[in-house]
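Novice: For reference, the chains in residue letters:
Number of protein chains: 2
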Amino acid sequence: MREDILSLGKRARRAAHRMGLADGTVKGDVLARMADGLRAGQSLIAEANEKDLAQASERGLSGAKLDRLRIGGKVLDEMIAGLREVAVLPDPVGEITRMWLRPNGLRVGRMRIPLGVIGIIYESRPNVTVDAAALCIKAGNGVILRGGSEAFHSNVCLASILRRCLGEAGLPEDVVQLVGTTDRAAVLDLLKLEEYIDVMIPRGGEELIRFVCDNARMPVLKHYKGVCHVYVDELADLDMAERICLNSKVQRPGTCNAMETLLVHEAVAGAFLPRMAESFRAEGVELRGCPETRRLVPDCREAVEEDWAAEYLDYILAVRVVGSMEEAMEHMATYGSQHTEAIVTRDFKRAHRFIREVQSSLVLVNASTRFNDGFQLGLGAEIGISTSRLHAFGPMGLEELTTTKFIAFGDGQLRS
Amino acid sequence: MREDILSLGKRARRAAHRMGLADGTVKGDVLARMADGLRAGQSLIAEANEKDLAQASERGLSGAKLDRLRIGGKVLDEMIAGLREVAVLPDPVGEITRMWLRPNGLRVGRMRIPLGVIGIIYESRPNVTVDAAALCIKAGNGVILRGGSEAFHSNVCLASILRRCLGEAGLPEDVVQLVGTTDRAAVLDLLKLEEYIDVMIPRGGEELIRFVCDNARMPVLKHYKGVCHVYVDELADLDMAERICLNSKVQRPGTCNAMETLLVHEAVAGAFLPRMAESFRAEGVELRGCPETRRLVPDCREAVEEDWAAEYLDYILAVRVVGSMEEAMEHMATYGSQHTEAIVTRDFKRAHRFIREVQSSLVLVNASTRFNDGFQLGLGAEIGISTSRLHAFGPMGLEELTTTKFIAFGDGQLRS
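First to last, the sequence lines map onto chains A and B. Residues in the first sequence are numbered consecutively from 1, following the working numbering. Residues in the second sequence are numbered consecutively from 1, following the working numbering.
Please note: incorrect hints may appear among the correct ones.
No copy is singled out in the list; a pair is fine if it fits within one copy or between any two copies.
Derived SDA-like pairs: lysine to any residue, alpha-carbon spacing no greater than 20 angstroms straight-line [to be verified]:
1. Lys349 - Gly270
2. Lys51 - Glu123
3. Lys65 - Leu208
4. Lys192 - Asp214
I should point out that these hints are in silico values taken from the structure, not numbers from a laboratory. Just so you know, these numbers come straight off a predicted model, no measurement behind them.
Take the sequences, apply the hints, and build the full model.
Specialist: Put into structure tokens, the structure is as follows:
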């Protein structure tokens with residue numbers, strides 16, 4: 001174990017303890033101060049970012065990757081706006097979520113408290129440094145950040161501004177710590193700090209997430225992928241279905257909540273698929289269909305077994321005609337990733353049953369899969385989406401960065 | 001990977017899916033049927049248990065260990081009563097815990113669903129086979145049980161009765177599966193089934209729990225130990241304090257929620273400790289004290305550093321005099337295990353602050369630490385106590401065997 005990583009953990013634990021006791025006003029103030037700090041540090045940030053960009057283009061990074069790395073004016077504005085938004089969200093800590101009376105007079109309740117120390121391991125986008133730190137602080141936690149090596153200078157600069165603001169607000173600077181090395185071995189050591197880090201949240205590609213899961217000794221909150229479905233029921237409003245499918249697929253195809261497979265009831269396939277295919281064609285979406293789909297949409301390419309489980313993240317869509325809602329739900333359970341599934345129907349009973357029986361992190365009736373997002377669902381913020389079921393399932397906001405302890409008020413109760 | 005263990009996981013996943021859709025009446029009925037089944041199978045159970053007991057005494061197991069293994073009439077009665085109690089608890093599945101309206105008209109909510117498949121690895125007591133299965137079933141989960149090798153015949157017999165009852169109720173028998181071998185390598189394989197087991201709950205000694213944590217690829221819900229404190233404040237009712245301390249220590253010293261360290265404010269130490277020591281002496285409790293304690297209680301043995309972190313689980317108690325509540329809280333944070341801490345005080349402000357600032361799974365004012373228990377706190381049942389913070393912190397009842405998914409009702413909402 002590297003001494004510097006171990007020390008990082010120990011300092012985080014101490015700082016998190018103090019952070020957990022800070023009241024809502026203090027937390028709101030420090031986040032607003034950070035927003036001001038980023039604005040004031042604009043030119044320092046640009047300078048550090050330039051260093052990263054120069055090194056990245058030397059290493060031959062492509063346009064899209066360079067873009068993700070760049071902290072342009074708009075990205076900085078968004079980071080600052082994000083801090084201000086989180087600053088004014090309600091404080092989750094200290095909320096008593098429930099309270100009840102026991103027959104012996106003991107009053108028992110559950111009170112929301114911070115998780116403790118949160119580790120975040122992420123890839124290129126340096127805005128995660130600010131966004132993730134803001135949420136962790138608002139929920140009273142300490143945070144250890146480990147960004148991608150290509151964004152190292154940007155992250156160091158951003159973190160040092162955040163730390164200075166913590167200090168100025170009378171809070172421990174160690175509430176936010178950045179792993180000060182791009183050494184890969186340091187990540188492995190970080191993943192062994194189960195005594196000092198309560199949960200690890202990896203954000204990035206599937207490879208990074210698998211690496212964290214395979215090596216972390218603390219719990220991990222993660223999502224691997226989104227193979228999301230829309231099922232167009234026999235009793236669907238076909239105009240609405242077309243709009244929902246189009247929005248689910250093309251509004252932003254590269255995101256985890258974009259539709260990857262369309263399932264259509266055989267009774268409406270003839271009326272629906274040809275017009276839907278035309279709309280998709282106009283948007284440049286390539287279809288890969290089952291035999292029945294190809295009969296109805298002659299220029300559609302044949303779907304092979306892998307297509308049903310594919311997360312294209314692109315202008316490609318798998319399409320299958322099914323005989324019933326049951327068959328659609330079975331297809332989702334077999335090939336899906338329990339991320340997001342929607343039904344389009346006018347039938348109350350089917351909607352009712354779909355909501356109950358589909359066990360994905362978000363189940364929708366008559367709305368776009370693109371709503372699986374903390375902001376869109378009204379959580380106010382999002383630190384990621386969990387597709388594992390423990391602790392959090394679906395988008396994670398401030399509440400998911402807390403836990404609850406039991407509290408009990410007595411007047412001398414004993415156990416007999 | 002052993003084929004039989006892999007097949008166990010696959011069958012559990014399929015069975016859990018069907019179990020998750022069973023409604024509350026069906027679940028209540030099957031648990032009541034199991035209670036009848038155990039009663040009817042009484043002699044078969046006794047026979048299987050005798051085999052285990054005979055083998056255990058051949059291997060030279062001691063009295064207490066043999067006792068834990070024995071399914072006497074009272075133990076069977078308790079298992080049956082437990083099944084009937086869980087049968088009539090409210091169904092946690094399907095509960096909509098919250099619902100809100102978004103500005104675009106989307107109605108968003110959270111609905112409680114089963115966790116999926118739960119693995120339980122436990123040591124000698126065969127009653128865990130029945131108790132744990134009952135809770136997992138009531139929460140709509142599948143369960144894979146791996147009991148101690150010394151209770152193998154008993155566990156096989158109990159599990160086969162439970163499985164038969166599932167089948168008779170029209171549910172898949174594979175909702176309950178017992179690892180059909182005492183082979184240690186099978187446990188390692190089980191711990192690799194992260195695709196089929198959503199959470200692993202080890203129940204037993206610290207060695208077992210460490211082994212599970214070190215090797216499990218799925219999340220683990222666990223508690224290592226309980227180093228529980230009572231702090232007797234300067235403004236305590238000393239009579240009440242004496243009763244609470246006595247109850248916390250001696251009502252059942254071998255449990256994780258028994259007091260292991262007593263902290264006393266210096267202003268009342270002189271009035272409190274000598275009489276408290278006398279009560280403890282009468283109950284056969286050995287005290288190990290700080291210098292000030294030893295000045296006040298001359299026959300008290302000296303506490304060494306290890307005593308402050310010790311979980312005695314015995315008639316031994318560490319005692320320390322502190323200068324303030326802050327010092328007491330710091331002692332708890334330094335040496336405790338975040339399990340259970342109590343304050344005895346008449347002062348509102350101190351109680352208020354203690355409740356807010358002590359971050360243990362149960363924080364009590366004026367009541368015994370022995371209340372940290374699912375039944376005592378009113379959860380209706382308990383599958384264990386978690387001292388890790390993710391997902392559950394403190395006693396885990398039916399709710400902790402579920403998660404929530406997001407649900408959303410729209411009338412054509414799109415994301416823009």
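Novice: With reference to the structure, classify each hint as holding or not holding.
Specialist: Consistency of the hints with the structure:
no., hint, verdict
1, Lys349 - Gly270, "neither (24 angstroms within a copy, 71 angstroms between copies)"
2, Lys51 - Glu123, "within (17 angstroms within a copy, 58 angstroms between copies)"
3, Lys65 - Leu208, "within (16 angstroms within a copy, 46 angstroms between copies)"
4, Lys192 - Asp214, "both (11 angstroms within a copy, 11 angstroms between copies)"
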